[in-house]
Structures are given as structure tokens and as C-alpha cells.
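Got chain A sorted already, so can you dock chain B onto it with the hints?
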Amino acid sequence: MPEKAIDPIHQFNIERLMPFHVMGLDASFTNASLLMVIILALVSLLMLAGTSRRSMVPGRLQAAAEMSYEFIANTVRGTAGQEGMRFFPFVFSLFMFVLLANLLGLLPFSYTVTSQIVVTFALAGLVMTVLILYGLVRHGTHFLGLFVPSGIPILILPFIVLIEIISFLSRPISLAVRLFANMLAGHITLKVFGGFVVALLGAGGFAALLSPLPLIGIIVLTAFELLVAFLQAYVFAILTCVYLNDAIHPGH
Amino acid sequence: MRRRLDALSQDLSRREEPRSTPTSSETGPSGLGQAVGLGFRVTSEFVAAIVVGGLIGWQGDRWLHSSPLLLITFIALGTAAGFWNVYRLAMKTGGK
Chain A
960 MPEKAIDPIH
970 QFNIERLMPF
980 HVMGLDASFT
990 NASLLMVIIL
1000 ALVSLLMLAG
1010 TSRRSMVPGR
1020 LQAAAEMSYE
1030 FIANTVRGTA
1040 GQEGMRFFPF
1050 VFSLFMFVLL
1060 ANLLGLLPFS
1070 YTVTSQIVVT
1080 FALAGLVMTV
1090 LILYGLVRHG
1100 THFLGLFVPS
1110 GIPILILPFI
1120 VLIEIISFLS
1130 RPISLAVRLF
1140 ANMLAGHITL
1150 KVFGGFVVAL
1160 LGAGGFAALL
1170 SPLPLIGIIV
1180 LTAFELLVAF
1190 LQAYVFAILT
1200 CVYLNDAIHP
1210 GH
Chain B
1059 MRRRLDALSQ
1069 DLSRREEPRS
1079 TPTSSETGPS
1089 GLGQAVGLGF
1099 RVTSEFVAAI
1109 VVGGLIGWQG
1119 DRWLHSSPLL
1129 LITFIALGTA
1139 AGFWNVYRLA
1149 MKTGGK
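Residue numbers (my numbering), protein chains in the order written: chain A, 960 to 1211; chain B, 1059 to 1154.
Just chain A, same shape as in the assembly (with noise of 0.2 Å):
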């Protein structure tokens, strides 16, 4: 048992709240559910409560509402131009999904939804998806354009053409897997460090001494993972925006 309580990993644990199974899949209601429907509430309840008064002195709701509005838009704005603003409310609604996933994964007893790399990846998925699409709509054949970079001498055009493609496909997975290994990575280091001080504390003696040493990183690390929180909910919106531009504007 005190095995368990030390288990780094234990955290990750999905476990089933309302057992659900449709058709042989398995679709029950889990605490990552429970935390993204948290998540969700708490995104409408501030968007909702920063709009209704609009008063011309924001308060504190309004306040943080119009900040991460102006904060998501002056982004959308400086990477994929004014046009970009069409995909504002898709970048807007993936940034603050992200971040209040992350900042709350970071609560105690609560759950990190996007340390789950299904859930990651369904967002980068969701991203090329959409960008691909409104690539093809808009542009038609010449958003295939994107993959042939003009003035390539007609030798290697096969060459850089797949090098295109390839790295076209490394997009949603660099995406993906850039948020989830981060939010993984901080929040082992985290149990590791409380599992050092549990150790020391229990070995006694002289090393029971050295105990506040990994509380201290902690306090530490846990700062350093509100700035990793905010910035890769930061990076996430602002990587849409730039691949957006390029389904906007193909052919660089």
C-alpha cells in the first residue's frame, strides 16, 4: 500500500464514476470527463459573468474576460492577419480549454485532462481537420500548392516535395505530443519530489533533516509549472494561427 501512495504515475489513473458501455464501446463517464466538463462550466461561467455587465469600469470577471480576449486576438491578429479573425471563437475556445485544463491539473486531487495524449492529439486532429478543409474549400487544388515552394529547380522538386509532406504530417503530432509530454513530464517530476520527501522523512536521522530541501523544490517546480501551463496553452493558440495562415495563404 504506502508502494502505491508513493507511485508516481498513480495520478494518471482513469477511473470509471458512471460505468457506460454503448455498443461495445466503453464510454463511461470518468473523472477526465468530470474534469472537462468542470473545465467547460468554468470557461462559459467566466465568459458569461465577464460579459453581462458591460460596465464601462471593467470589474474583476470583466477584466480577466476582455484580457484573454485581447490577448487571443491581437495573436490571431499578428500571425494570420485580419482574415485570420474568422477563426477567432476556434482559437479563443482551444486556448482557454487548454490553459484552464492545465491550470487546474495543477490543484491538488484534481485531474490533468491534457496529460492524456488521446485528448491532445483529438485537438491536433481537430486543428488540421478544420485547416484542411477551409484549405480545400477555399483554395480548392491550389492549397496542394502549399506543398511546392515556387522557384525549386525542377531536379530536387521531388525531393523537397516530400520533405514538404513530411513535415506537413509532423504538424498535429509535434502539436499533440509537445502539450501532453510537458504536462506529463511537470507533473511526475512534482509526485517524484513529494515522494522524495516522504522517503526522507521516513529513513529518520540526519536525512529526515534534508527533508525541506525537496518541499522547497517543489514550491519551486510548482511555479515553474504555472508558467509551463500558460505558455503551451500560448503555443498551442499561437502554432493554430500559424498553420491556419497557411490554409488561409498558401503558397508562401
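Hints are supplied without guarantee of correctness; some may be wrong.
[Claimed, not checked] Facing chain B, a subset of chain A residues (Cβ under 10 Å, in silico):
hint : residue
1    : 1116
2    : 1119
3    : 1137
[To be verified] Partner residues are not named here, just some residues of chain A that face chain B (Cβ under 8 Å, in silico):
hint : residue
4    : 1120
5    : 1121
6    : 1122
7    : 1128
8    : 1190
9    : 1194
Source of the hints: derived by calculation from the structure; they are not laboratory data. Glycine included, each C-beta is placed from N, C-alpha and C at the ideal position.
Leaving out everything else, chain B in the frame of chain A:
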């Protein structure tokens, strides 16, 4: 009241103008945060391209029974794509 509000908003937008132009090119959170974010991007884009190349090569080999020809070719191509990704990122951030 109306006129005062209009004057105020005009004043605000005039004051907003010079502030928004320099920050629009770098909407990042802060100097350090932006650098760390860029680092994350560069590493993951580089690694992901190689992984994708390796996966294509591996599966292609299994399909065509040509092991290890395709694996080697596509890992090389993936590495090239990784460098290409990083180069493009560097060009984009440096050019702005």
C-alpha cells in the same frame, strides 16, 4: 455626456495606436516566456519530423518487404524536414 464619451474614446484610441503597433509583432507573454515557448516549439518540431519520417519508412518497409531501404531513406528525409521546420521558424521570427 455623449460628446464627452466620444472625445474620451477618441483620446483612448489615439493613445492606443502607438502602444499597439510595437506590441502587435510580439504578442508573447514576456521575454523569457517567449524564449522558452520558442524553445519548446523548435525541439518538438524537429523531433516530430524525424519521428514521422521514421514511421513512414517503417510501415513502408513492412508493406513492401524492402527493409531497411525505406526506413533509412525516410529517416534521412525526416531529418531534412526537421531542419527545414527549424529553419522556417527561425526565418519567421528573425524576419519580423
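Hint by hint, here is what the structure shows:
Given the 10 Å rule on beta carbons, the hint for residue 1116(A) is violated: about 14 Å separates it from the nearest Cβ of chain B. Given the 10 Å rule on beta carbons, the hint for residue 1119(A) holds: about 9 Å separates it from the nearest Cβ of chain B. The beta carbon of residue 1137(A) is positioned within 10 Å of a beta carbon in chain B (closest approach about 4 Å), and the interface hint is therefore held. With a cut of 8 Å, the hint placing residue 1120(A) at the interface with chain B is violated, because the nearest CB-to-CB distance is about 11 Å.
Nearest Cβ of chain B to the Cβ of residue 1121(A): about 6 Å, under the 8 Å cut. The hint holds. With its C-beta approaching chain B no nearer than about 5 Å, residue 1122(A) sits inside the 8 Å limit, and its interface hint holds. A hinted interface residue such as residue 1128(A) counts as satisfied when its beta carbon comes closer than 8 Å to some beta carbon of chain B; here the least separation is about 5 Å, so the hint holds. Nearest Cβ of chain B to the Cβ of residue 1190(A): about 5 Å, under the 8 Å cut. The hint holds.
With a cut of 8 Å, the hint placing residue 1194(A) at the interface with chain B holds, because the nearest CB-to-CB distance is about 5 Å.
Consistency note: the structure conflicts with the earlier hints numbered 1 and 4.
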